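Chemist: Based on the hints, put chain D in the right spot on chain B.
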Amino acid sequence: MPIIHHVDPKQGDVLLLVGTMKGAFVLRGKGNRKAWDIGGPYFPGHAVYAMAYDRREGRRRIWAGPNSMHWGGMLRTSDDFGRTWSNPDQANVKFPESTGAALQQIWQVVPGRDEAPDTLYAGVEPAALFVSRDAGETWSLVEGLWNHPHRPRWQPGGGGLCMHTVLLDPERAGRIRVAVSAAGMYVTDDGGETWRASNRGVRADFLPDKHPEFGQCVHKVTQSRQKPDRMFLQNHWGLYRSDDRGESWTDIANGVPSDFGFPIGAHPTDPDCAWIVPLESDEFRCTPEGKLRVYRTRDAGGRWEPLSNGLPQDGAYETVLRDALAVDTLAPAGVYFGTRSGKLFGSSNEGDTWSTIAEGLPPIVSVRAAVA
Amino acid sequence: MPIIVAIPGALRELAGGRSEVRLEGRAGSVKEALALLWAEYPAIRDRVVTERGALRPHINVFVDGENVRYSGGLDAPIGDGVEILLLPAISGGA
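Top line first, the protein sequences correspond to chains B and D. Convert by adding 135 to the 1-based position in the first sequence; the result is the number in the numbering used here. Convert by adding 2 to the 1-based position in the second sequence; the result is the number in the numbering used here.
If you are wondering where the hints come from, they were derived from the structure by calculation, not from laboratory data. Treat the hints with care, since some could be wrong.
[As the list claims (entries may be wrong)] Quick look at which bits of chain D chain B covers, simulated, 3 or more residues with Cβ under 8 Å: (1) 41-55; (2) 58-72; (3) 80-93.
A quick note: this is a predicted structure, and the numbers were derived from the prediction, not measured. Note that beta-carbon positions come from the ideal geometry of N, C-alpha and C, so glycine has one too.
Chain B on its own, in the form it takes in the complex (with noise of 0.2 Å):
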């Protein structure tokens, strides 16, 4: 087993969650996030995609999903940063009987809003949302969702059938949306219950209806808490903006080398702030040029203006997936994001000079910010 290390965050510090494909590590920031002391490797040998932090009501609790080749995977808790763990004795997201399904990963773990600090969401494979109202004992699945008549023809993208994003509408409290490759995204008003595709604008370029209602194979979409009409998407080909709460999308790939790509991130305070990392193509997957560029927006995608100081530009063919970004809520904003070769990379000024904080990690699959 690997020596394992622990970090004693003080309140206040930034938390970076690091789930990889073969564990996870928490990284606690010092120093005005200059310097990084490194957990972990928790869960050693798991795939960990889905991490959060909880501190509502006074919480201060990890939340991860590994999951093991070999043993499968459940959701797990610390609230000692990552010294212990739960590992409860039944697996606590599971499809009910009636499905027939088997649950592959856990895609997703969301802290339910501040007014329901005991409820959580889950997006798993194959696609379907979990929701858990006594602070994670207990999952159950949201069944309007997945007995919407459009299920059945919901596709598989690269990752599998995945429910990769959760977002609670910050004023609607009835209101999510999630993200499906390759479904595309749906919405409920009233917490579940009922739902309806939300696509419109979106291409689906590999679909002989390129604006179908559903089908679309969207990688990440972000929400602004301050102007929540302001949403940002990446699409497997397709950078887009709403100003509609998500009912409708304009492309917004104004001078990027490449409008594929995974991640996409929000500025904790300007609706108009966002960033991205273009891949070259969805045939070859990396950095376009072997040069790894962070692209920013200020003006809601108008333009993006490529951010390389510290980061390589001579032979860096690098993947990043779409939850391995993530913004803190400091000013000004941290930006962290992970590749596929195990480098961690981050910004305390927003983007505009960056440092390396690890390299040598298994593969990184989510990068997830908080303060302690």
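Modeler: Just chain D now, with coordinates in the frame of chain B:
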């Protein structure tokens, strides 16, 4: 004759630290033998089979040296005193 089940290292913590469990109940099939194991050590179940009861794809069950995938699966009949091995498959490349 008891059924003997060998517990792989990764699951021993869930079986009270045991590397081997002796099951005294009656079982006519692999599935029934495993049900006896789940009854004694319930945390092992979800690690070995899915919520649909299917053997996880990278777990092999051997009964007296025979991989049950090629001898009737979990419904394969067994006799008294068999030895069951739960083993993670060689799953590599990544």
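Chemist: All hints, please: hold or fail.
Modeler: Each hint tested on the structure:
Counting residues of the region 41-55 of chain D whose C-beta sits closer than 8 Å to any C-beta of chain B gives 9, which meets the bar of three, so the coverage hint holds. With a threshold of 8 Å between beta carbons, the proposed coverage of the region 58-72 of chain D by chain B holds, since 3 of its residues qualify and at least three are required. Using a Cβ-Cβ cut-off of 8 Å, 3 residues of the region 80-93 of chain D lie near chain B, which meets the minimum of three, so the contact claim holds.
Comparing the model with each earlier hint shows no violations; every hint is respected.
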